[in-house]
Amino acid sequence: MSVTVVAIRVLLFIGLLLVWEVGARLANPLLYVPPTAVVPAVRELLALRSYPDLPAHLGLTVREIALAYALAVGAGLGIGFLLAMNKTFGRAWGPILAALYAVPAVVWYPSLMLFFGLDAASKIAFGFLLGFFPIALAVLAGIRQVNPQLVTVATAFGARPAAIFVKVLLPAMLFTLVGGLRTGLALSVVGVIVGEILGSRAGLGSLINHAYGLFRTADYAALVLLTLVLVVASDAGASLLERRARRWTA
Amino acid sequence: MTPLIAIERVAKRYLTSSGAVDALADVSLSVGDGEFCTIIGPSGCGKSTVLGMLGGLVQPDTGRVLIAGEAVTGPDPARVATVFQDPGLFPWRTALDNVAFGLELQGVPRERRRRIAGDLLGPLGLKDFAAKYPRELSGGMRQRVAIGRALAIDTRILLMDEPFGALDEQTRMLMGDWLLDIWRRTSKTVIFVTHSLHEALALSTRVVVMTARPGRVKTVLPLDLPYPRSMESVELVSLRAKLWHEIREESLRAMSEA
Numbered sequence: 001m002s003v004t005v006v007a008i009r010v011l012l013f014i015g016l017l018l019v020w021e022v023g024a025r026l027a028n029p030l031l032y033v034p035p036t037a038v039v040p041a042v043r044e045l046l047a048l049r050s051y052p053d054l055p056a057h058l059g060l061t062v063r064e065i066a067l068a069y070a071l072a073v074g075a076g077l078g079i080g081f082l083l084a085m086n087k088t089f090g091r092a093w094g095p096i097l098a099a100l101y102a103v104p105a106v107v108w109y110p111s112l113m114l115f116f117g118l119d120a121a122s123k124i125a126f127g128f129l130l131g132f133f134p135i136a137l138a139v140l141a142g143i144r145q146v147n148p149q150l151v152t153v154a155t156a157f158g159a160r161p162a163a164i165f166v167k168v169l170l171p172a173m174l175f176t177l178v179g180g181l182r183t184g185l186a187l188s189v190v191g192v193i194v195g196e197i198l199g200s201r202a203g204l205g206s207l208i209n210h211a212y213g214l215f216r217t218a219d220y221a222a223l224v225l226l227t228l229v230l231v232v233a234s235d236a237g238a239s240l241l242e243r244r245a246r247r248w249t250a
Numbered sequence: 001m002t003p004l005i006a007i008e009r010v011a012k013r014y015l016t017s018s019g020a021v022d023a024l025a026d027v028s029l030s031v032g033d034g035e036f037c038t039i040i041g042p043s044g045c046g047k048s049t050v051l052g053m054l055g056g057l058v059q060p061d062t063g064r065v066l067i068a069g070e071a072v073t074g075p076d077p078a079r080v081a082t083v084f085q086d087p088g089l090f091p092w093r094t095a096l097d098n099v100a101f102g103l104e105l106q107g108v109p110r111e112r113r114r115r116i117a118g119d120l121l122g123p124l125g126l127k128d129f130a131a132k133y134p135r136e137l138s139g140g141m142r143q144r145v146a147i148g149r150a151l152a153i154d155t156r157i158l159l160m161d162e163p164f165g166a167l168d169e170q171t172r173m174l175m176g177d178w179l180l181d182i183w184r185r186t187s188k189t190v191i192f193v194t195h196s197l198h199e200a201l202a203l204s205t206r207v208v209v210m211t212a213r214p215g216r217v218k219t220v221l222p223l224d225l226p227y228p229r230s231m232e233s234v235e236l237v238s239l240r241a242k243l244w245h246e247i248r249e250e251s252l253r254a255m256s257e258a
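Chains as they are written, first to last, in the working numbering: chain B, 1 to 250; chain S, 1 to 258.
The shape of chain B in the complex, shown without the other chains (with noise of 0.2 Å):
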């Protein structure tokens, strides 16, 4: 990256804190929580004053979001490749498969808290819902749009099933298949995080919902922020991922 484009980055950045800085004063400070007031409420966060319990919240939000995303990526993968070997069983289900996709998921939430109480397991299946339909889509089109020329070589070649799908289906997909399990990831951690704000006793998003609930705006800005590192986090977490996957190809 250039120099031009850091300077410029850091120069909108504290031109945004600024007129944010400056809106916030002009407005209600009280709704509008300018940096200044949120800075304090971050180092009262961490410091563990503002939410004493906030590590044990936070631990079980990132176990609700581990596990919805292991289930995810299990039956993404698992699904997307039933459906992309077999052809009839895959042109069955594809378009029912993306119809569902298309549904805003948040619909599903009351039904999810219905049969999975308003503990962790309504999380998790939510979680779970949301990263799994981009994970199973990608390996459907990533399936898809290997140059069946490879397929043709490779068993020319004399590789065996197994061979090729490690040999030329993975590689050649590997693209699109990371990037749907990244997306997964995204979503996974959107999904558990919003299941907690809709309605839990513990984790994350329940502290979130408290510091709103009880108008505590510096508290609830800070939460947001620290929300938006752990999503920061898993992200970094999911392209390192992709990079140790390319390598494993090469």
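Each hint should be verified, as a subset may be incorrect.
Unchecked claim - Under the rule of at most 25 Å between Cα atoms (straight-line distance), these lysine to any residue pairs were calculated in the SDA-like manner:
#  : chain 1 : residue 1 : chain 2 : residue 2
1  : S       : LYS127    : S       : LYS188
2  : S       : LYS132    : B       : LEU170
3  : S       : LYS132    : B       : LYS87
4  : S       : LYS188    : S       : ASP154
5  : B       : LYS87     : S       : ALA20
6  : S       : LYS132    : B       : GLN145
7  : S       : LYS132    : B       : LEU174
8  : B       : LYS87     : S       : ARG13
9  : B       : LYS87     : S       : LEU15
10 : S       : LYS132    : B       : VAL151
11 : S       : LYS188    : B       : GLN145
Said to hold, decoys possible - Just a few of them, taken from the derived set where beta-carbon distance is under 8 Å, the chain B residues facing chain S:
#  : residue
12 : LEU150
13 : ALA156
14 : PHE157
15 : ALA163
16 : ASN209
17 : GLY213
Just so you know, the hints here were simulated from the structure itself, not pulled from any lab data. The beta carbon of each residue, even a glycine, is placed where N, CA and C say it ideally should be.
Fit chain S to the known structure of chain B by using the hints.
Frame of chain B, contents of chain S only:
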């Protein structure tokens, strides 16, 4: 003595969305060890199907395909290597790793297969391109990588399906000379499918002319001439006229049916 390759009364019909297509009807052909046999014929005459059967990728509906007396039931990379018209290089592999692909499937250790592939790059004219990816190579280079991939597994039989079809004429001629050189040094048996009279005459020990669909063997033309061949020599000029006469008839038929 059994010939290395024997195709006995083979027929093949494809089912397409617009009905059944008879690709091959009653094709018989035998090819001896060390021959450079070219199959030429109009588009859609089933030339590629014949190669597909030899490579074990296509099964005949009737008849038999034998290699060294044994029926071909599937791909046999120990005996047969194929170069396709679409080279089908793996875009995520370097030229070197593409050449080494077949060896990798056979479980040849990494160091050894890289050495074998590396040794091939020199004669392929790709010495400085080992670490390049297919997208960084010209069309002729890509096809040479595909040929290298086929040569690397060092089979008795080399099947080539219009390998130079997508290249410009000058490159084709150079590639032909180069292939001839490889063939004479390795004494492999080559089955070469082409549309080009020039390639057929310059390279082959025998030219097989196929009819328009459904494909049959129309004529077999032995070419017992020394290499390198001059297209201006009296024999070749008359052979060329003869070959063109045979092919022209079939191409006209194929065109009127299309």
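Quick rundown of the hints versus the structure:
no., hint, verdict
1, S:LYS127 - S:LYS188, "holds (23 Å)"
2, S:LYS132 - B:LEU170, "holds (21 Å)"
3, S:LYS132 - B:LYS87, "violated (36 Å)"
4, S:LYS188 - S:ASP154, "holds (9 Å)"
5, B:LYS87 - S:ALA20, "holds (22 Å)"
6, S:LYS132 - B:GLN145, "holds (23 Å)"
7, S:LYS132 - B:LEU174, "holds (20 Å)"
8, B:LYS87 - S:ARG13, "holds (23 Å)"
9, B:LYS87 - S:LEU15, "holds (18 Å)"
10, S:LYS132 - B:VAL151, "holds (22 Å)"
11, S:LYS188 - B:GLN145, "violated (36 Å)"
12, LEU150, "holds (5 Å)"
13, ALA156, "holds (5 Å)"
14, PHE157, "holds (4 Å)"
15, ALA163, "holds (6 Å)"
16, ASN209, "violated (46 Å)"
17, GLY213, "violated (52 Å)"
When held up to the earlier numbered hints, the structure conflicts with 3, 11, 16, 17 and fits the remainder.
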